[in-house]
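Just so you know, the protein sequences line up as chains A and B, in that order. Just so we're aligned: the first sequence equals residues 1 to 236 in my numbering. Just so we're aligned: the second sequence equals residues 1 to 309 in my numbering.
Worth flagging that the hints you see were computed from the coordinates, not collected in a lab. Quick reminder that beta carbons are idealized off the backbone N, C-alpha and C, glycines included. Some hints here could point you the wrong way.
Each pair of labels, with its calculated beta carbon distance range [what the hints assert, rightly or not]:
no.: 1; chain 1: A; residue 1: 79; chain 2: B; residue 2: 114; range: 43 to 51 Å
no.: 2; chain 1: B; residue 1: 295; chain 2: A; residue 2: 86; range: 56 to 64 Å
no.: 3; chain 1: B; residue 1: 86; chain 2: A; residue 2: 110; range: 32 to 40 Å
no.: 4; chain 1: B; residue 1: 64; chain 2: A; residue 2: 65; range: 53 to 61 Å
no.: 5; chain 1: A; residue 1: 65; chain 2: B; residue 2: 122; range: 47 to 55 Å
no.: 6; chain 1: A; residue 1: 227; chain 2: B; residue 2: 170; range: 56 to 64 Å
no.: 7; chain 1: A; residue 1: 127; chain 2: B; residue 2: 64; range: 54 to 62 Å
no.: 8; chain 1: A; residue 1: 204; chain 2: B; residue 2: 173; range: 34 to 42 Å
no.: 9; chain 1: A; residue 1: 197; chain 2: B; residue 2: 295; range: 52 to 60 Å
no.: 10; chain 1: B; residue 1: 101; chain 2: A; residue 2: 39; range: 24 to 32 Å
no.: 11; chain 1: A; residue 1: 166; chain 2: B; residue 2: 294; range: 34 to 42 Å
no.: 12; chain 1: B; residue 1: 173; chain 2: A; residue 2: 68; range: 27 to 35 Å
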Amino acid sequence: MSLLQVKNLQVSYGGIQAVKGIDFSIGKGELVTLIGANGAGKTTTLRTLVGMVKRSGGSIEFDGKETAGIPSHAFVRHGLAMVPEGRGIFGKLTVEENLLMGAYVRDDKAQILVEMERIYQLFPRLKERQRQLAGTLSGGEQQMVAMGRAMLSKPKLLLLDEPSMGLAPIIVQKIFEIIQMVAAEGVTMLLVEQNARLALEVSQRGYVMESGRITMEGEAKTLLDDERVRNAYLGD
Amino acid sequence: MDTFLQQILNGLVLGSIYALIALGYTMVYGIMGLINFAHGEVVMVGAMVTISVISGLTHFGVNLPGPVLLLIGVAVAIPSCMLLGFVIERVAYRPLRGAQRLAPLITAIGLSIVLQQLAILIWGRNYIPFPPVLDHDVVTIFGASITTLQIFIIVMCFAIMVGLLVMVERTRLGRAMRATSQNPSVAGLMGVNVNTIISATFVIGSALGAIAGVMVATNYDQAHYYMGFMIGLKAFTAAVLGGIGNLGGAVAGGILLGIIESLGAGYIGSLTGGFLGSNYQDIFAFMVLILVLIFRPSGLLGEKMADRA
Numbered sequence: 001m002s003l004l005q006v007k008n009l010q011v012s013y014g015g016i017q018a019v020k021g022i023d024f025s026i027g028k029g030e031l032v033t034l035i036g037a038n039g040a041g042k043t044t045t046l047r048t049l050v051g052m053v054k055r056s057g058g059s060i061e062f063d064g065k066e067t068a069g070i071p072s073h074a075f076v077r078h079g080l081a082m083v084p085e086g087r088g089i090f091g092k093l094t095v096e097e098n099l100l101m102g103a104y105v106r107d108d109k110a111q112i113l114v115e116m117e118r119i120y121q122l123f124p125r126l127k128e129r130q131r132q133l134a135g136t137l138s139g140g141e142q143q144m145v146a147m148g149r150a151m152l153s154k155p156k157l158l159l160l161d162e163p164s165m166g167l168a169p170i171i172v173q174k175i176f177e178i179i180q181m182v183a184a185e186g187v188t189m190l191l192v193e194q195n196a197r198l199a200l201e202v203s204q205r206g207y208v209m210e211s212g213r214i215t216m217e218g219e220a221k222t223l224l225d226d227e228r229v230r231n232a233y234l235g236d
Numbered sequence: 001m002d003t004f005l006q007q008i009l010n011g012l013v014l015g016s017i018y019a020l021i022a023l024g025y026t027m028v029y030g031i032m033g034l035i036n037f038a039h040g041e042v043v044m045v046g047a048m049v050t051i052s053v054i055s056g057l058t059h060f061g062v063n064l065p066g067p068v069l070l071l072i073g074v075a076v077a078i079p080s081c082m083l084l085g086f087v088i089e090r091v092a093y094r095p096l097r098g099a100q101r102l103a104p105l106i107t108a109i110g111l112s113i114v115l116q117q118l119a120i121l122i123w124g125r126n127y128i129p130f131p132p133v134l135d136h137d138v139v140t141i142f143g144a145s146i147t148t149l150q151i152f153i154i155v156m157c158f159a160i161m162v163g164l165l166v167m168v169e170r171t172r173l174g175r176a177m178r179a180t181s182q183n184p185s186v187a188g189l190m191g192v193n194v195n196t197i198i199s200a201t202f203v204i205g206s207a208l209g210a211i212a213g214v215m216v217a218t219n220y221d222q223a224h225y226y227m228g229f230m231i232g233l234k235a236f237t238a239a240v241l242g243g244i245g246n247l248g249g250a251v252a253g254g255i256l257l258g259i260i261e262s263l264g265a266g267y268i269g270s271l272t273g274g275f276l277g278s279n280y281q282d283i284f285a286f287m288v289l290i291l292v293l294i295f296r297p298s299g300l301l302g303e304k305m306a307d308r309a
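Given these sequences and hints, build the entire structure.
Here is the structure:
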């Protein structure tokens, strides 16, 4: 059974339909990517999944339960976490405080500290900078904070919105290594990316979104070899 | 020299009260980016409720030591004001979340008038003397005099302010407040209920306001339905002077403003050859406000305004 099951999802923004009835699913332990051009509706889809945007139709079943009616701040308690576009770091909180915000809904203090140490092992840079204000970190380091913070909420599903956006190519490479590390920790992820090649290379399955619709789906490897995908998104 | 030290002491008393009230303005601004102009009325209600409770108790022949009566009065005033702050946010600000900035400013001013009129209905238009239950023992320090009550006011203010700063910097709630002030939608993603945090901010600010109101009333030995207006405006000035949105700034701004005002009041007579007396002390606060707005609109400890998108 899938962890996330989306059926005929529709979202409208002030009269414009941004998502026009899409279906997709994510299985437990999978890393799935949603690729597509700017404005295709990828970010809107993610925001709808965590309740930041209200849908106008369709169903979203997460962990066997319909998510309609869950207030947006309660999604994380249900195991849905998101690293928002632009990372959403609290610049005037320290690295450590940012990570603690990730564990905001948890009260198993001892276990949180153990997991924080685990995050610091994954990202030793953050350990060095734990008392520094997160706003003073580089873009790549901030992305590490954002990922670590999201992991500390112990998500069943982690949504990543354009993690490579605005970062230098060498850092982007690093970010994708981080994504693979996190996947190796057993976290199920939905990755929204404009950098289609990298996204498909790390993912198991992919969906292609065009003007609010899903136009292709399949194994990531298959999509990487697909003529239309190559022409439209991989620049071949 | 005597005048100088005396005015510094007076300024400290006044300034620590300003600081306590300024924290209420600055906390709300930090979270929501709006000025709660009804905060002065919360201060007034705190003073009025305390006086009513003490008067009521003594009227019914309850014979307790003054400080105990005061404590009971404050114990009623604080939750009353917390409730008032909660209701103010619900009624005047929450429905306007996301509206233009001018709209909540207008409801704030409207609400402040409504609260004053309600206070007239309950407590009347006259000055209400503080019940004579407290001793005003005078202590002399290097020729300047201060009452034990005033020393207590200063100490209490500092204790409360330190407590608040520790709460904001060290606790889970404080961390959530700071996160919400920086990015409410991401804070929501972390599981922070932004509405709860905003309510908590109003409630905490109002508790500080209630305590400040009692201090004002004991210090001047009276309260009045209109008292919140001027002291609110001055505390707001203090918050702007320190850098609005900055807690440390509110404390520094409050104390500084209190001292400037007291020194001004102490020397204005001799500076103007007796033309202006100390009853003109209010002009100093607003001169400070005008100068800050002209030369350093972000305040002493505030950031450049451009940083706040």
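Checked hints:
Range check, residue 79 of chain A to residue 114 of chain B: Cβ separation about 46 Å, and the 43 to 51 Å hint holds. Separated by about 35 Å at the C-beta atoms, residue 295 of chain B and residue 86 of chain A break the suggested range of 56 to 64 Å. For the hinted restraint 32 to 40 Å between residue 86 of chain B and residue 110 of chain A, the CB-CB distance of approximately 34 Å keeps it satisfied. Residue 64 of chain B and residue 65 of chain A have their C-beta atoms about 57 Å apart, which keeps the hinted 53 to 61 Å range intact.
Separated by about 51 Å at the C-beta atoms, residue 65 of chain A and residue 122 of chain B satisfy the suggested range of 47 to 55 Å. The beta-carbon spacing between residue 227 of chain A and residue 170 of chain B, approximately 59 Å, falls within the hinted interval of 56 to 64 Å. For the pair residue 127 of chain A and residue 64 of chain B, the supplied restraint of 54 to 62 Å holds, since their beta-carbon distance comes to about 57 Å. At roughly 41 Å, the beta-carbon separation of residue 204 of chain A and residue 173 of chain B lies within the given 34 to 42 Å, and the hint holds.
For the hinted restraint 52 to 60 Å between residue 197 of chain A and residue 295 of chain B, the CB-CB distance of approximately 54 Å keeps it satisfied. As the Cβ distance of residue 101 of chain B to residue 39 of chain A is approximately 30 Å, the hint placing it in 24 to 32 Å holds. Against the hinted window of 34 to 42 Å, the Cβ-Cβ separation of residue 166 of chain A and residue 294 of chain B comes to about 38 Å, which satisfies the hint. The hinted window of 27 to 35 Å between residue 173 of chain B and residue 68 of chain A holds, with their beta carbons roughly 30 Å apart.
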